[in-house]
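Engineer: Turn these sequences into a full structure, and let the hints steer you where they fit.
There are 2 protein chains.
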Amino acid sequence: MKSVMIIADGLGGRPTDWEGKTCLEAADTPVLDELAARGATGLMDSIGPGISPGSDTAHLSLFGYDPYRYYTGRGVFEAAGIGMDVRSGDVCFRTNFATVDEEGKIADRRAGRIQQGQDRLQEALAQLSSDKYPDVEVVFQTSTEHRGALILRGQGLGDDVSPTDPHELDTPIAESVAEDEKSRKTAEVLNEVTEKARDILREEPLNVEREEEGKLPANALLARGAASYPDLPDVGDKYGITASVVAAGALYIGAAKIAGMEPKEAEGATGTVDSKIINKVKLAQEELERGKDLVFVHFKGTDNASHDHDPQAKIKFIEKIDRTFAWLRDNLDWEETHVGFAGDHTTPIRYGEHVADPVPVLMNGPSVRRDRVEAFDERSCGEGGLGRFSGNLLPILLSYSNLGKKFGA
Amino acid sequence: MKSVMIIADGLGGRPTDWEGKTCLEAADTPVLDELAARGATGLMDSIGPGISPGSDTAHLSLFGYDPYRYYTGRGVFEAAGIGMDVRSGDVCFRTNFATVDEEGKIADRRAGRIQQGQDRLQEALAQLSSDKYPDVEVVFQTSTEHRGALILRGQGLGDDVSPTDPHELDTPIAESVAEDEKSRKTAEVLNEVTEKARDILREEPLNVEREEEGKLPANALLARGAASYPDLPDVGDKYGITASVVAAGALYIGAAKIAGMEPKEAEGATGTVDSKIINKVKLAQEELERGKDLVFVHFKGTDNASHDHDPQAKIKFIEKIDRTFAWLRDNLDWEETHVGFAGDHTTPIRYGEHVADPVPVLMNGPSVRRDRVEAFDERSCGEGGLGRFSGNLLPILLSYSNLGKKFGA
Chain Z
1 MKSVMIIADG LGGRPTDWEG KTCLEAADTP VLDELAARGA TGLMDSIGPG ISPGSDTAHL
61 SLFGYDPYRY YTGRGVFEAA GIGMDVRSGD VCFRTNFATV DEEGKIADRR AGRIQQGQDR
121 LQEALAQLSS DKYPDVEVVF QTSTEHRGAL ILRGQGLGDD VSPTDPHELD TPIAESVAED
181 EKSRKTAEVL NEVTEKARDI LREEPLNVER EEEGKLPANA LLARGAASYP DLPDVGDKYG
241 ITASVVAAGA LYIGAAKIAG MEPKEAEGAT GTVDSKIINK VKLAQEELER GKDLVFVHFK
301 GTDNASHDHD PQAKIKFIEK IDRTFAWLRD NLDWEETHVG FAGDHTTPIR YGEHVADPVP
361 VLMNGPSVRR DRVEAFDERS CGEGGLGRFS GNLLPILLSY SNLGKKFGA
Chain H
1001 MKSVMIIADG LGGRPTDWEG KTCLEAADTP VLDELAARGA TGLMDSIGPG ISPGSDTAHL
1061 SLFGYDPYRY YTGRGVFEAA GIGMDVRSGD VCFRTNFATV DEEGKIADRR AGRIQQGQDR
1121 LQEALAQLSS DKYPDVEVVF QTSTEHRGAL ILRGQGLGDD VSPTDPHELD TPIAESVAED
1181 EKSRKTAEVL NEVTEKARDI LREEPLNVER EEEGKLPANA LLARGAASYP DLPDVGDKYG
1241 ITASVVAAGA LYIGAAKIAG MEPKEAEGAT GTVDSKIINK VKLAQEELER GKDLVFVHFK
1301 GTDNASHDHD PQAKIKFIEK IDRTFAWLRD NLDWEETHVG FAGDHTTPIR YGEHVADPVP
1361 VLMNGPSVRR DRVEAFDERS CGEGGLGRFS GNLLPILLSY SNLGKKFGA
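Chains as they are written, first to last, in this note's numbering: chain Z, 1 to 409; chain H, 1001 to 1409.
One or more hints might be untrue.
With a cut-off of at most 35 angstroms between alpha-carbon atoms, the simulated DSBU-like pairs for lysine-lysine come out as follows [said to hold, decoys possible]:
| hint | chain 1 | residue 1 | chain 2 | residue 2 |
| --- | --- | --- | --- | --- |
| 1 | Z | K264 | H | K1406 |
| 2 | Z | K105 | H | K1238 |
| 3 | Z | K182 | Z | K196 |
| 4 | Z | K215 | Z | K105 |
| 5 | H | K1406 | Z | K282 |
| 6 | Z | K320 | H | K1406 |
| 7 | H | K1196 | H | K1215 |
| 8 | Z | K292 | Z | K405 |
| 9 | H | K1182 | Z | K182 |
| 10 | Z | K316 | H | K1406 |
Read the hints as simulated data drawn from the structure, not as lab findings.
Structural biologist: See below:
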């Protein structure tokens, strides 16, 4: 049997979201309600009770990896997510192109949200290397706007170093400081590379053009979120399965790639409320048909709307998800497939940040023990037959499909 | 937003408590039932399913600290709870004044439950020190009756030593034995101090007076419960909050103090069924108004009555708690406050000791997803929307108020 795990980021809400209801309660979701009536529901603490999860730690935990053991920091997921080839031993950083003034102080942390020519800057930065440690390979790649990732690759690189991004304006680029002996080499290389990037970017014709156009030059590279590659067993080793991920956000693609899932890009998927998410589930179906055991599908719009304090946008996106489930209802081979649907954390509209309130979970498929709940929302799921549990959505789902490995004999 | 966490010690009961009902079911609790109807309920294993918690380990777990990682022993909580200044590296003991006969055998482990003059003994024992290890500071303080605490302070003191209290009559004071190399110094100092305390107390005029009055002399100091200071992050570091504790029992005050809460004393609070607990919640309200993010309020009477196998006393105390909640219902700013109420463990009337049965939990406030439960008792809470979870009551409550820290990004 096959499995599809679908996560709507920041799906969970609070009664303060909209007229005494959560957005999920306020939304019109006939298909999800129908699936709730056919399946089983429950509440999940994505990491554990009382723990406000990051998106990265939450996904590790949903995949069945203890984030307290495996989480190294966000940089590595971002680097993997933008398509970089991240390997064991690598130390990764999230980066920003920034604007530094003549005194060396930061004038803009995002280089005026640069929109064009980042590929030219990337090409120029391909020559980055360390004179002091020539054995260390330096790899840089841009992603969207000012964003990018930097990988330091070599022997004996720790990841316990402070960022060069001071997160403040009008101060110089910070010197990275190692917090332990093992990370000293990393900090030294990062500081040297930061200096060299300044020299390279200063000379870049693109920046001369930008200044002539009255735009802020992208004349510095700031790094943060140092993270070494987490040595986790991939889903092949851990569960004996093959898997794909269909997502738009770099973080989710990255986490899934590191867990051994193959990234697949759906047409029109944007990682926003405007995303053509129907294409994601159609692609998931194709991946199952191509032989994958599991497809992980990620919708981001719910979280974006929550961070924007926009209940209407969240309700509308939930209703789009509901219509997307109609396609699954009508097209999946329900005799042979299990579908798990949940949030990765709660993001209430008023607060706009992640909180610890548990998220609703819905399970459908032939192995699922149907409960009496007939609506899919936080309060109904609180009465569901799955009860309340912590993380591990993926292995629970796999087990319904008789996949995964036994612990013990 | 603000939070109030209220624990009724040993609140949980069993159907064998009173005519087929738990004491909480038998008690008349209109206010708690009203709050249950307005809020959400559930069941909590204070540490984990099947684990009978001590009061100390339960409270660590409720505060969000893994007791398997941080619990070092009871002595340190008692020492902190009676107002001693406990520091990292200290090894603490609970102590008893005892009566030893002329042969050096223990005649009474509590020195006739001595009621007066303990301050004079404490003053005399202020000269305690170690000749062998003059770098070790020795601090002793009495609390109630025969009880007190002893702190050994210095470099390289382990806490894995056996007690000098043999917990038996008619045997000599036990020699403390170190269970590991790191604790050898501790055992040596403890044995030396125990010997010196004998010499000091033997000469004490108070004991001459006691013998003349036909009372048992307090001529020995017995130590037990060795515990080093637990190096846990306080609630400021862990959650970014300020907090107060309103409790009467030394253990609870001590645990909360070590977690970084400021102890506040309510008038007429005794830690027994006669306690004026209304003053505790009034003081909690004042602490919130003074700017604290969280106040932890502890009621002890439920546990005392349970240990005494007295269902009527427990029912009566629960009804007093109910009236206390009426004050909270009428006086708290419910738009801006979350209140969590639970037991720390179950203490059934017939058995009179802590058991692992999960305890009822009630959550109220604007962020709480209301469930259908309309009564506050063990069985009703078993149908509640919070489901069943393990410990972490404090971070769950903080998260409702948008407090606490995110794990991951």
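Engineer: Take the hints in turn and mark each one as holding or not.
Structural biologist: Hint by hint, here is what the structure shows:
{"no.": "1", "hint": "Z/K264 <-> H/K1406", "in the structure": "holds (30 angstroms)"}
{"no.": "2", "hint": "Z/K105 <-> H/K1238", "in the structure": "holds (33 angstroms)"}
{"no.": "3", "hint": "Z/K182 <-> Z/K196", "in the structure": "holds (23 angstroms)"}
{"no.": "4", "hint": "Z/K215 <-> Z/K105", "in the structure": "holds (17 angstroms)"}
{"no.": "5", "hint": "H/K1406 <-> Z/K282", "in the structure": "holds (34 angstroms)"}
{"no.": "6", "hint": "Z/K320 <-> H/K1406", "in the structure": "holds (29 angstroms)"}
{"no.": "7", "hint": "H/K1196 <-> H/K1215", "in the structure": "holds (22 angstroms)"}
{"no.": "8", "hint": "Z/K292 <-> Z/K405", "in the structure": "holds (17 angstroms)"}
{"no.": "9", "hint": "H/K1182 <-> Z/K182", "in the structure": "holds (28 angstroms)"}
{"no.": "10", "hint": "Z/K316 <-> H/K1406", "in the structure": "holds (27 angstroms)"}
Figure legend: structure checked against the earlier numbered hints; every hint is met.
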